[in-house]
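Asker: Here is what each chain is made of, one letter per residue.
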Amino acid sequence: MSQALDRQFLLDSRGTSRELGAFVVGAAFHQAGGAAGFALGDGTLRLASSNPATDWQTVEAHDGAVLAIAADARPGFVSGGDDGRFLRIGLDGTITEVARFGSKWVEHAAAFADAKTGVLACGVGKIVHLFTAAGEPLKTLAHPSTVTGLAFDGKGKRVAASHYNGCSLWFVAAKTDSPRILEWKGSHTGIVLHPAAEAVVTSMQENALHGWRLSDGQHMRMSGYPSKTESMSFTRNGKWLATAGAESIVLWPFFGGGPMGKAPTELAGGDNVLCTRVACHPQHEAVAAGFSDGLVAMADIPTGRILPVAPPGRGPVSALAWSPDGSRLALGTETGFAALIDFTPR
Amino acid sequence: MSDTLVPVTVLTGYLGAGKTTLLNRILSENHGRKYAVIINEFGELGVDNDLVVDADEEVFEMNNGCVCCTVRGDLIRIVGGLMKRKGGLDGIIIETTGLANPAPVAQTFFVDDNVRARTRLDAIVTVVDAKHLLARLEDSHEAEEQVAFADVIVLNKTDLVTPEELDAVEARIRGINRFAQIHRTSRAAVPIGHVLDQGAFDLARVLEREPGFLDSDEHSHSDQVISMSFEAKRPIDPEKFNAWIGTLLAEKGQDMLRTKGILAYAGDDRRFAFQAVHMIADGGFIGPWAPGAERTSKIVFIGRNLNRPQLRRGFEACQAGVSQAMASHVGATTA
Chain L
46 MSQALDRQFL LDSRGTSREL GAFVVGAAFH QAGGAAGFAL GDGTLRLASS
96 NPATDWQTVE AHDGAVLAIA ADARPGFVSG GDDGRFLRIG LDGTITEVAR
146 FGSKWVEHAA AFADAKTGVL ACGVGKIVHL FTAAGEPLKT LAHPSTVTGL
196 AFDGKGKRVA ASHYNGCSLW FVAAKTDSPR ILEWKGSHTG IVLHPAAEAV
246 VTSMQENALH GWRLSDGQHM RMSGYPSKTE SMSFTRNGKW LATAGAESIV
296 LWPFFGGGPM GKAPTELAGG DNVLCTRVAC HPQHEAVAAG FSDGLVAMAD
346 IPTGRILPVA PPGRGPVSAL AWSPDGSRLA LGTETGFAAL IDFTPR
Chain A
162 MSDTLVPVTV LTGYLGAGKT TLLNRILSEN HGRKYAVIIN EFGELGVDND
212 LVVDADEEVF EMNNGCVCCT VRGDLIRIVG GLMKRKGGLD GIIIETTGLA
262 NPAPVAQTFF VDDNVRARTR LDAIVTVVDA KHLLARLEDS HEAEEQVAFA
312 DVIVLNKTDL VTPEELDAVE ARIRGINRFA QIHRTSRAAV PIGHVLDQGA
362 FDLARVLERE PGFLDSDEHS HSDQVISMSF EAKRPIDPEK FNAWIGTLLA
412 EKGQDMLRTK GILAYAGDDR RFAFQAVHMI ADGGFIGPWA PGAERTSKIV
462 FIGRNLNRPQ LRRGFEACQA GVSQAMASHV GATTA
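Heads up: the sequence lines are chains L and A, in that order.
Residues 46 to 391 (our numbering) are what the first sequence spells out, left to right.
Residues 162 to 496 (our numbering) are what the second sequence spells out, left to right.
Be aware that one or more of the hints could be misleading.
To give an idea of the chain A side of the interface with chain L (calculated C-beta under 8 angstroms), a few residues [as the list claims (entries may be wrong)]:
1) 234
2) 247
3) 249
4) 250
5) 401
Derived CB-CB ranges, DEER-like [to be verified]:
6) L:302 with A:209: 56 to 64 angstroms
7) L:179 with A:411: 22 to 30 angstroms
8) L:369 with A:195: 49 to 57 angstroms
9) L:252 with A:192: 29 to 37 angstroms
It is worth saying that the hints were derived from the structure and are not from the lab.
Owing to the predicted nature of the structure, the values given are computational and were not obtained by experimental measurement.
We treat Cβ as the ideally placed atom computed from N, Cα and C, and that holds for glycine.
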């Protein structure tokens, strides 16, 4: 990157942005054509094609707030809302209802986007509902308390859900459904799986993370956060777990025996402002991070170099996502600002 | 600052007391204001509101070494979700199940930073059935705690009892919680203004409407809930108070359902408001004392197994200038 670029925010030179007027709950990219979807607190999805010159399409999807968005197994997105509906949204904006759950909120949505074996999942109360790529009900997985986080492993074989007193790991294709339950007392509020399925990590109510090494169930406790961690992301190679919840990007080492007994690496810190979202680059050992003042920065993990992406002042960052090829970053804030940043080499 | 926080009203009461009737009455009278209503899926009746959220009452224990620090995780999630919606809310009303202990709901609003940043607990409103309350209090700790925790008590179904019976019920309520506002009614016909926007948890209004100090020397026998209050005329030493209340709540927090106080700290012209639910305490400076007004510190306890002389000595020993000997004497008697 040029010196000139280092001193300014990428948003100015390589960004497309919009004021969307509602809380940006989440963002996701779809592989096909690089389309981005933003989920909003006004119930709409906003779809942006890879061509920055075209308008963003508004899809009136949910009656209430959208609570979750993910890339669909087919071209498009899946979304859950506080209207109790789990939807798939085509790239052309067509809405297909996958399921409807009455007055229960659909708080989590996930999909394993593989054209052959694609699976859709949503979390509704204590139940995780799985659907085939065609949208047919596959199975329902029951948990002891409300599901607070949902994640597929890197191959789409397993799905993990966090809840009170631990988390549950399920095999998607198992004939009989009995989960591997990993226990730790307390309220677990989110979950992330190591890309090579070496570990699973949850965030907790008590401003700490809890992890389990999957080979032997060894516990890992990662604490010291000044606030709750609402966002976690493993680097592509699984070496680092990037986390929000502190006044810096907190990175836990998952190599050389794991994070136990080690201090985390902290990057982009020192501004008295909390990191609210993290998203690891899908190819490089780098992480994008959003902060409560609206700042978005990218950190190169090996060198610690920081690249400013978006300046503060547009509300706490509430959504951050990379396109699968790592060429574009989507960001959104609680006050309705959203942007796409182009990272392709020029 | 606190104006931007969404007020939360907690509606408790035993099954059949008339909670849902009251809720529907509030909602039907409430033209033009936007409320989110959080109900339990086993609610008695349908609720007529645009925004109704089904909740499972999911209580968990915080990992902070405090056994009575229980919190409702479902409320943390739901409040977080509601704050994402477009357009603000005028309030949130939480209806608990009949058997619910109110402590976890109240503690949720003390413990979770995200919830605290966006909402404030306005009042706990307990609906009781004039005909059946006395029997309920005999066989249920929860019924007693619902009365003990209340800021407002709607004494419902007064048409089903004689005036004498009604007085007896009210006297029993006063025995448990003498600081709550009581509204007598049949068919839950209470004006909204008596239920919503009470500011009962607003530190600035804690104790403001407290009735006179009718101290008697009744003791808490067995494990009945009672309430008592104390005053101190001399300014309070913050260090002594923190040490005393901290130890007291740590040791006896399970029995101390609610504690509220307005304190005159030595050398400070502002009033310090203190409150706690079990062991979880919160405090902060509120507006200044009125010019020329007598700066009397007051503290109120609602709980079980309260030892009046011990609490009185403990509180009085927090006054600035009271000798250490006195303070250590209190420490000795507590032990």
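Asker: Run every hint past the structure and note whether it holds.
Answerer: Evaluated hints:
1. Against a cut-off of 8 angstroms between C-beta atoms, the interface hint on residue 234 of chain A holds, since the closest Cβ of chain L lies about 5 angstroms away.
2. At a threshold of 8 angstroms, the smallest CB-CB gap from residue 247 of chain A to chain L is about 4 angstroms, leaving the interface hint in force.
3. Because the beta carbon of residue 249 of chain A sits about 11 angstroms from the nearest beta carbon in chain L, more than 8 angstroms, this interface hint is broken.
4. Given hint, residue 250 of chain A at the interface with chain L, is violated; its Cβ is 12 angstroms from that chain's nearest Cβ, farther than 8 angstroms.
5. Taking 8 angstroms as the C-beta contact cut-off toward chain L, the hint placing residue 401 of chain A at the interface is violated, the least distance being around 30 angstroms.
6. Distance hint for residue 302 of chain L and residue 209 of chain A: a CB-CB separation of about 59 angstroms, consistent with the stated range 56 to 64 angstroms.
7. Restraint check, residue 179 of chain L to residue 411 of chain A: a C-beta distance of roughly 58 angstroms breaks the suggested window 22 to 30 angstroms.
8. Take residue 369 of chain L and residue 195 of chain A: their Cβ atoms lie about 40 angstroms apart, and the range 49 to 57 angstroms is violated.
9. The hinted range of 29 to 37 angstroms is not satisfied by residue 252 of chain L and residue 192 of chain A, whose Cβ atoms lie roughly 42 angstroms apart.
Checked against the numbered hints above, the structure violates hints 3, 4, 5, 7, 8 and 9; every other hint is satisfied.
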